[in-house]
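Student: Knowing the structure of chain A, use the given hints to seat chain B on it.
Protein chains: 2
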Amino acid sequence: MTLIHSTGTLAAPVLPTSGALRPLGLDEVRIDGGFWGDRRDVNRRATLPHIAHWLEKEGWLPNFDLAAAGTLPRGRRGREFADSEVYKFLEAVAWQLGSGADDDLERLFIGTVARVAAAQEPDGYVNTHFGRRGQGARWSDLEWGHELYCLGHLFQAAVARARTAPDAADGLLQIATRAADLVCEVFGPDGRQQVCGHPEIEVGLAELGRATGDDRYRRQAALFVERRGHGTLRDIEWGRSYYQDDVPVRETRALHGHAVRANYLAAGAVDVAVDAADDGLLRALRHQWDATVARRTYITGGQGAHHQDEAFGADFELPSDRAYSETCAGIGSIMFSWRLLLATGETRYADLIERTLYNVVATSPSGAGTAFYYSNTLHQREAGQPADPDEASPRASASLRAPWFEVSCCPPNVARTLASLPGYLATTDDGGLQLHQYAPARIRTVLPDEEQVDLEIQTGYPNDGVVRVAVRRDAAREWTLTLRVPAWASGAVLRVVPEDGAEEVREAAPGRAAVRRRFRAGDVVELTLPMGPRVVRPDGRIDAVRGCVAVERGPEVLALESVDLPEALGGRSVDDVALRGVSAVERDGRVWVDLAARDEHADGWPYEESPDAAPSTPVSVPLVPYHAWAERGPSTMRIWLPLEREG
Amino acid sequence: MTLIHSTGTLAAPVLPTSGALRPLGLDEVRIDGGFWGDRRDVNRRATLPHIAHWLEKEGWLPNFDLAAAGTLPRGRRGREFADSEVYKFLEAVAWQLGSGADDDLERLFIGTVARVAAAQEPDGYVNTHFGRRGQGARWSDLEWGHELYCLGHLFQAAVARARTAPDAADGLLQIATRAADLVCEVFGPDGRQQVCGHPEIEVGLAELGRATGDDRYRRQAALFVERRGHGTLRDIEWGRSYYQDDVPVRETRALHGHAVRANYLAAGAVDVAVDAADDGLLRALRHQWDATVARRTYITGGQGAHHQDEAFGADFELPSDRAYSETCAGIGSIMFSWRLLLATGETRYADLIERTLYNVVATSPSGAGTAFYYSNTLHQREAGQPADPDEASPRASASLRAPWFEVSCCPPNVARTLASLPGYLATTDDGGLQLHQYAPARIRTVLPDEEQVDLEIQTGYPNDGVVRVAVRRDAAREWTLTLRVPAWASGAVLRVVPEDGAEEVREAAPGRAAVRRRFRAGDVVELTLPMGPRVVRPDGRIDAVRGCVAVERGPEVLALESVDLPEALGGRSVDDVALRGVSAVERDGRVWVDLAARDEHADGWPYEESPDAAPSTPVSVPLVPYHAWAERGPSTMRIWLPLEREG
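Protein chains in written order, with this note's numbering: chain A, 1 to 647; chain B, 1 to 647.
For reference, chain A alone in the conformation it holds in the complex (with noise of 0.2 Å):
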């Protein structure tokens, strides 16, 4: 089933001209606290001006300042991608004032617009690493200068304002078209046959195309999808495959290569394939998700092994301790899946999008919202130390979170994802409404039968699996409400109590559970989600895991931390256990599991004939979600425990 929609104006991320599922707007959804309305709090109260501090003292604002004065390149600061931070910024905080006004963000958005406006050049280029006496000039380095990359981000900046403050006078949309019309000019049909080293021109420039109503920048999303693939990019020391240049888009079998790169594309090419009803490149694309969730994505949702290349590695090649799963990774495979489930309403997609926000884009910033991971490791080795609050860590990988990053891509990410998580949480179609993932909410919105929905959401998911949603307004017919049931909620059971008439419960099965009435004020569907803990097996062929079990509880991995260890195990590390059967247990709100703890090794040449001596002293632990741990201090940790060895 593929809808026509006509949504040129709602306060959603991405609005496809067609799809299966109609998005709603920020406008249309309030999450009210929660596991994720407090951390949009924090987000909001703590991420973003912690982020326009950084870009202050990092001097990738005021690079701007500098373009304007006119003394580029002199005292310019920050790696070639510097500006996109900026616009990622203004998109995260477009997207939050999108949620309700606030006067100080809202002078901030304006001052920081301003200073980009200053920056652009009369053709409508803008970029402060490129194209001034002593710069490389523009378009000179396509594999890493990363000039579309930022436009990208520019475009969805101002799409993101122009949904949410559509009367605003800023001109940010102004400043993304004119930019926008430059590229189609230098890069359109007749212009450059080339691409950027790392793509995200092509989803800044079809949403930009869908806010405007300019064809033209859809085409031109079209052209940079179709011409990659080809080989126009240098062979570097990781391949082309590192910036999808090796292979074809339709002719690719899983996402392979830097996996930023990868999904940030994969995102644009189903923008162009839905828009332009291409189904043959949207199947090549659902294959591509399919093997790549298969066969290379980590228990967490996330994405990419490979430290030197940040990229996702062979088949199966997905090491707990070399875990890369950037944050930025994580943030782009929802964009993936969020508009494979917009086209297909395949409930796959809200279950993947799911998993990585709990356990990728939730772990990356501490609870105060001010240090972040920026990779995403499954297993921590050794604690090492805390960063440095006023410094910018040279590291993507690290023990401890950090306040900021000389390559910084991942806390203005993770803040543009939480502002603009309204979006993701319902659907509609001409049947009713859908829910995909469950927070404490408010939702009213139009059916494309004029029929008006007002649906308040209670759940203290993820601690409680019961979500109650309970119907606001008396609906002048029958539409159907739609809730997601996970792949792991096996046994979920759904509730309807309408405001007069029996109450009716039966079971729902993973997928989709459905109730079509005609629904009245005080009517409540609830459904009950199983939340004991569940100990789940690898793929066999995942050499990395072998012989362990992870431990969820919901939606949530768990990992076992060693700040909880108990004492009598003098200092032994996460390393040095086994999990006595397989089995984890609820107990005061945490969930444990009992382990063995290796007697002292004796240290020799680690291969030999005869067996491991197994573990011996019994201790029971708790665990904590994985996107917790960390926040305690120093520690180890590891997601995956391996079984205690027979005999």
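The set of hints was computed from the structure by calculation and includes no laboratory data.
Warning: the hint list may mix true and false statements.
No copy labels: a pair is met if it fits in one copy or bridges any two.
What the hints assert, rightly or not - Think about it this way: if two alpha-carbon atoms lie no more than 25 Å apart in a straight line, the pair counts; the simulated SDA-like pairs of lysine to any residue are: (1) 57 - 235; (2) 57 - 212; (3) 57 - 123; (4) 57 - 237; (5) 57 - 167; (6) 57 - 192; (7) 57 - 514; (8) 57 - 280; (9) 57 - 535; (10) 57 - 10; (11) 57 - 124.
Tutor: Leaving out everything else, chain B in the frame of chain A:
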């Protein structure tokens, strides 16, 4: 037991002033065919000319001509350390000439030295990448410039020449001493208190001091060793541990950071410790070796798990599929181990040397000696494409060997190791002679008490486990012949067959087997090592290979290569099989294992509560020595074989 040596003119790579064992010169040991003799022939006939060709083709030797002509930096090619490849090539040729005259090689050597000489500046400085107008200033980039590193290789080349051709008039030793004098002046006690980002100058200076008798060089080496670890080098993305500048050498627990840097530094530190009788430093280094071998070394002897920073990781962080195991790190490990063997006489150092020679050094070059592995993975998941034989590879990691690399440290490093290999077979002490490595060879030397020794080693090792030592000269008095019994060789047997007298047979436990007698020409000592396949298990703390075993035979680690999978498996990969039972058998001269091949998987989310189906189709498959893999075209490969899961 520490002997004071007076071995100034011996043609050996390493000549400590004291130690438990005294090395032999290349003029005292001749390898006659067999595993290593064949490889040395290929090295001489094919690899050395191949390297000479590429040094010209890539411009790395012509850089010296440009320097002499005063036209640099215009036209300079290669990375900042390209000079060092010329020096390693010179060292390789010098050692090769030490095993026998060769007019072509001699001319090549002299011609190359002349080109280097012409580039040396009046004050002794020589480097084609620094110090001229348009280049960085001398010593201005100690983190990455590799100036002292290059000089260390120059010094090792000069020592090789001085010891194998003391009367040669090419002047390489003078080039080296003039440069070394400059280093002592610039970096001496009152000079720059700095170190090079890549250790190597330490071993170079120490050996140059031994070869020339100039104690300033040794003292300068000691200064460099002591200065390191105090953070004089800049912090970088990978931390100062990358170049071992985070912790002083004496306080280091295990080798860490960049694996080649770490081993080169440790080797130089042993030189310093031994020559200064610094027992504390030597003890620290021995502990580092122990911890590194127990926790940070692959079954192949390979070291360095990280691709990103070519570094050791944390303890037990030893992924097979992302093993880096750089060839040069293996060679560095041999340098370190050899120095500890000479210092202490303990056989475990020779054990690791043997393992690393057979499974890293022998793995790097192709059979033809004209293509090389830079990194030596233990698990190849995708078969990949052959390298272009006419292009330097931009990649350190690839599934097949490449003729040359943009960073081509490994090929000349292999060449100098094979060229000097006779020097690593045997040593003497006051009591007699020790055999450490087994190859068909002739050894003629003089014991410290003037006793002349002439031995012929006859063996088909490692195909065959019998090592026959035939005495070719009557002794004037008793001396002790000691044979290393490798740690893996439980059940070895020693047979002594006197020319006239009763045969004696006894078990020889791993460690040493010694025969003391007044030998007579015709006496035979025969060690029989058990060559049946051995199935070994990993330490339970190595996550990457949990639930797997590996098969070894003698000193060789074996591997499963996809070209050996039977056609009946219909193209299934080495990753689709499991081992049925912990055993391997020898048949028709090969080692076979029984495998079960997994039926086709349905792909889906790979982490589920229900376990995988067990593999099902049984097949019997031969293994190959790891060093011989990828000689039959593109292939996948694994050393560690998962055990079939019961039930």
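Student: Decide, hint by hint, whether the structure agrees.
Tutor: Tested hints:
1. 57 - 235: Answer is between: at 20 Å across copies they meet the 25 Å cutoff, but 36 Å inside does not.
2. 57 - 212: neither (34 Å within a copy, 56 Å between copies)
3. 57 - 123: neither (30 Å within a copy, 46 Å between copies)
4. 57 - 237: between (34 Å within a copy, 20 Å between copies)
5. 57 - 167: Neither way: residue 57 and residue 167 sit 32 Å apart in one copy and 64 Å across, limit 25 Å.
6. 57 - 192: neither (37 Å within a copy, 34 Å between copies)
7. 57 - 514: Classified as neither: same-chain Cα gap 51 Å, cross-chain 70 Å, threshold 25 Å.
8. 57 - 280: Close neither inside one copy (47 Å) nor across copies (47 Å); limit 25 Å.
9. 57 - 535: Answer is neither; intra-copy 46 Å and inter-copy 58 Å both fail.
10. 57 - 10: neither (35 Å within a copy, 62 Å between copies)
11. 57 - 124: Neither, since 27 Å and 46 Å both go past 25 Å.
In summary, the structure is inconsistent with hints 2, 3, 5, 6, 7, 8, 9, 10 and 11 from the numbered list given earlier, while agreeing with the others.
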